[in-house]
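Colleague: If you read the sequences in order, they're chains C and E.
Letter 139 of the first sequence, counting from 1, is numbered 138 in numbering that gives the first Met the number 0, and no numbers are missing.
Letter 393 of the second sequence, counting from 1, is numbered 392 in numbering that gives the first Met the number 0, and no numbers are missing.
Worth double-checking, as some hints may not be accurate.
[Said to hold, decoys possible] Okay, derived cross-link-like pairs now, SDA-like style, lysine to any residue, Cα gap no bigger than 20 Å in a straight line:
{"hint": "1", "chain 1": "E", "residue 1": "57", "chain 2": "C", "residue 2": "195"}
{"hint": "2", "chain 1": "E", "residue 1": "198", "chain 2": "E", "residue 2": "15"}
{"hint": "3", "chain 1": "C", "residue 1": "261", "chain 2": "E", "residue 2": "56"}
{"hint": "4", "chain 1": "E", "residue 1": "57", "chain 2": "C", "residue 2": "274"}
{"hint": "5", "chain 1": "C", "residue 1": "195", "chain 2": "E", "residue 2": "27"}
{"hint": "6", "chain 1": "E", "residue 1": "57", "chain 2": "C", "residue 2": "234"}
{"hint": "7", "chain 1": "E", "residue 1": "57", "chain 2": "C", "residue 2": "235"}
FYI, nobody ran anything at the bench for these hints, they're computed from the structure.
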Amino acid sequence: MSFLKKLRGGEKAEHYSDITLWVVLLFLLGFGMLMIYSASSYTAFNEYGNAAYYLQRQGIAAVLGLVAMVVVSYIPYHFWEKFALLGYFLSVVLILLVKTPLGVESHGARRWLKTGIPGFNLQPAEVSKVAMILFLAVLVCKMGSSVRRLKGFLVMLGAPLPIALMIWKITENLSSALIVMAISMVMIFVASPDYKKFIFLGLGVITAAVGLVLLIQNTTLLDGFRSERIRVWLDPESDVEDTGFQTIQALYAIGSGGIWGKGLGESMQKLSFLPESQNDMIFSIICEELGLFGAAAIIFLFVVLIWRMVIIANNAPDLFGAMLVVGVIGHIAVQAVLNIAVVTNTIPNTGISLPFISYGGSSVIFLLIEVGFVLSVARSIEFRD
Amino acid sequence: MLKEDKEAQEPDLLRSQCRHYHRIKITIVFFLLAGICLFLFGRLTYFMVFQAQHYAEKAQELHERERSIKAARGRILDRNGLTLADNKTVCTVSVIYNQIQDREEVIRVLCKELDLSEEYVRKRVEKYSSMERIKSNVDKETGDRIREYDLAGVKVDEDYKRFYPYNELASKVLGFTGSDNQGILGLEVKYEEYLQGKKGQILTVTDAKGIEVEREGERRIEPIAGKDLVTSLDLNIQSYATQLATQAMLTKEARSVSIIVMNAKNGELYAMANVPEFDLNEPYEVTDAALTDFLKKKTPEAENFDLAAAREALSQEETQEILNGIWRNACINDTYEPGSTFKIITAAAGLEAGVVTPQSTFSCPGYIMVDDRRIRCHKTTGHGGQDFVHAIMNSCNPSFVTLGLRLGVERYYGYFEQFGLKQKTGVDLPGEAGTIMHKMEDMGNVELATVSFGQSFQITALQLLTTAASIVNGGNRVTPHFGIKAVDPETGEETVFDYPVESGIVSAETSETMRYLLEMVVSEGGGKNGAVEGYRIGGKTATSQTLPRGTGQYISSFLAFAPADDPEIISIAIINRPKGVYYGGQIAAPILRQLYENILPYLGIEMYNQEETTQSED
Chain C
0 MSFLKKLRGG EKAEHYSDIT LWVVLLFLLG FGMLMIYSAS SYTAFNEYGN AAYYLQRQGI
60 AAVLGLVAMV VVSYIPYHFW EKFALLGYFL SVVLILLVKT PLGVESHGAR RWLKTGIPGF
120 NLQPAEVSKV AMILFLAVLV CKMGSSVRRL KGFLVMLGAP LPIALMIWKI TENLSSALIV
180 MAISMVMIFV ASPDYKKFIF LGLGVITAAV GLVLLIQNTT LLDGFRSERI RVWLDPESDV
240 EDTGFQTIQA LYAIGSGGIW GKGLGESMQK LSFLPESQND MIFSIICEEL GLFGAAAIIF
300 LFVVLIWRMV IIANNAPDLF GAMLVVGVIG HIAVQAVLNI AVVTNTIPNT GISLPFISYG
360 GSSVIFLLIE VGFVLSVARS IEFRD
Chain E
0 MLKEDKEAQE PDLLRSQCRH YHRIKITIVF FLLAGICLFL FGRLTYFMVF QAQHYAEKAQ
60 ELHERERSIK AARGRILDRN GLTLADNKTV CTVSVIYNQI QDREEVIRVL CKELDLSEEY
120 VRKRVEKYSS MERIKSNVDK ETGDRIREYD LAGVKVDEDY KRFYPYNELA SKVLGFTGSD
180 NQGILGLEVK YEEYLQGKKG QILTVTDAKG IEVEREGERR IEPIAGKDLV TSLDLNIQSY
240 ATQLATQAML TKEARSVSII VMNAKNGELY AMANVPEFDL NEPYEVTDAA LTDFLKKKTP
300 EAENFDLAAA REALSQEETQ EILNGIWRNA CINDTYEPGS TFKIITAAAG LEAGVVTPQS
360 TFSCPGYIMV DDRRIRCHKT TGHGGQDFVH AIMNSCNPSF VTLGLRLGVE RYYGYFEQFG
420 LKQKTGVDLP GEAGTIMHKM EDMGNVELAT VSFGQSFQIT ALQLLTTAAS IVNGGNRVTP
480 HFGIKAVDPE TGEETVFDYP VESGIVSAET SETMRYLLEM VVSEGGGKNG AVEGYRIGGK
540 TATSQTLPRG TGQYISSFLA FAPADDPEII SIAIINRPKG VYYGGQIAAP ILRQLYENIL
600 PYLGIEMYNQ EETTQSED
């Protein structure tokens, strides 16, 4: 593979080091901070008297995350093998802790844990995502050839289910539960040589989703907060005042951006019209300020980032390393795709942050730790002619 | 290159090599992702290119707060360009919560300058809203004084308020406007589309809480002033008619007096006085007179009323009822039984049908039997034998009954319709009342007989005047109107209004005969008191009972036109419920005589040969 040679950084380099990955990653982080500042400075100033309130907090998280990432990248990834089961149980415990007085409620849901550091709360769901990636990577390797059998498939499928159910039911966070399942599905898909099962599973999920939507649309059997979101998704302008508010505000932002955008800092929708504009909805502010051009650039950068990771996975020295990278790929890809899908009202509104860009300390730290795994795998790639 | 796939398993599963299918699957994952990203890019393109305008407009609407700038309402002018309705500058004082710095000072100043209670001002100043109105219609001097305090957060916006320089003059014709400068009554509402103009807007971009976003600046859409309405009213004639009407109302202690002065040839209304009028600058004031009338109607036996207490006790509906009474234009909104003035119509119908000529003879024994009913003449001893000229001069009921019966129900009804009496006149004022008439199939001889001398049906005063005008002006039914043209105050561009004229209502011969007959009424008959020295006047008096009958109250009226040989002006004076002498010939005719003595020279109508008029005086 000749392109690897180019990226070696000289014939004498012993380790594979992906400059493109670094550049894209740092750009996304830096750009994310810029956009957090742009999207939040107005509301931050009104609420906290400090326009850089969110920027500063995100900056600290990013620095911590980068340090963690570099440290992790120097630790051989096989070191983590023995923590697989521990991590699995740790996430169970952390999720359960949310129900204790250690839990913190915010935005109407109890999803966070006190960390002791003022202003920084931990979201157990973020820990679960890393833990699940590690656990499944180990599990896949340990199963050996039994991954080919139905039993093996069911075991792999069964592993993330309890965690996902707990995230959904205990922390009332359906989107994180779905992300954990989606990451797992990506890993299982790669691990298993079979295609049929996945095609059937995919068709089954699509059929179930369509059926559910039709049921909600035409009957009142499943009324409630989630079915309301689905109704609003089908026709966001029907409920401009209430549930559809955020979706409509996001569409206003996206639509008014046009091809070239209003210019950095010129968003109107961030002036407290669009709730969570520095968080889950930040992509719509990017669209408003930088236009279709800027939005396409960000999507492109995510694709490049994933592509670099795909190359690392495909060249990983062993299956464990590859599976670890596949898990991270799954995590970043699923969140990026779902976030943009929510913002463009392609799927019903649910809280999913945009990796590296959205405001959120836990999210950025754990994502960077995951990238640390990827870099660690990359470091152990040996060049052979 | 990496090693090829191996089927053989190595002992440490965690260090086993990737298989070929793993790489394929990882690549599939990548292309799936790329595909989804492409799809999402498509979604974005849809919103940001094809739906961009839609969402940008919606967002713009959301971001902009608008303050409207009132357009100056068009003036209402009389035929000589004198202003009857104008605008004056007033101020609206509001506060903007987020901009106020010294709350107590603002409250203190506003209380003092606007003469408001502290409680009222405090409530509004302390209310958290983007903009709170404290008081509107503040006069300009007060507004300027408040501006001089230069208080942060206090906004004084200039605004227009309708102003009527002549207060009560032609109140029921002009009408007035509401709080938003929209027409509510009379010409103000009828010509709303010309007068109102188009509001301007100040668009300010704000954040979600309504705070102005400085960098966006403001967009101003200038208002377009309304057009001036030039009316046919003549300030002098209207003033004089109002004066005469008021005088008559006071001396005869009448309920109300109306005078209409119209151009007989084209229907332009020079004056329409309805006393009591009301003050257009205070249209919502319940006057003492109106309140007393209302109370009398409620408790007829009571003598004295405590007006102040009664005013307090009025419910909203009662107040509205009184105001509706005050605002009614009796000439147009109310119908009445015209009485003898309607003999003009019967006479014209008879002449048209050829069943009568001026020389036809009638005999009046003081009554006439119709079927089994005995209809009396106002002269109970009878007028004896007389020709048609004298029958109309004497306003002899039996003669007109005879004439009506000669025509028969069908023919009479046909003329009633032909003369346009069943349609509305089409006057450019709102709320014109229609004619209340028997159905033809319900009309027997008795009904026909009573209709022949103007009883048992109801029309408006303006309807009677318009029909009489068409009979004496050569047979052209004109549309009575006030509006002549709308003029753009800036460009001078004019919109001239057209009004339909229906010709051939009666033949020229009939019209000429009618002019002769009605001139005889004034020169030698019952309308003698309406004669004006130096002018040939035609006319007809009437004294009718108010409905319902039997209250002993009357409506006296006189309809007159001049010059009698070629009518230019036609007028009617109606006295509603006079006390004492109530004959139209004695109390209504002098009103129009005085009016004509003044306005005919004023309008430049030539005097007739002096000698001949002197001769014709009896």
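Colleague: Confirm or reject each hint.
Modeller: Outcome of the hint check:
1. E/57 - C/195: Between residue 57 of chain E and residue 195 of chain C the Cα gap is close to 47 Å, so the pair fails against 20 Å, i.e. violated.
2. E/198 - E/15: At roughly 80 Å apart (the allowed maximum being 20 Å), residue 15 of chain E and residue 198 of chain E break the hint.
3. C/261 - E/56: holds, 14 Å
4. E/57 - C/274: holds, 17 Å
5. C/195 - E/27: holds, 14 Å
6. E/57 - C/234: holds, 16 Å
7. E/57 - C/235: holds, 14 Å
Violated hints, listed in ascending order, are 1 and 2; each of the other numbered hints is respected by the structure.
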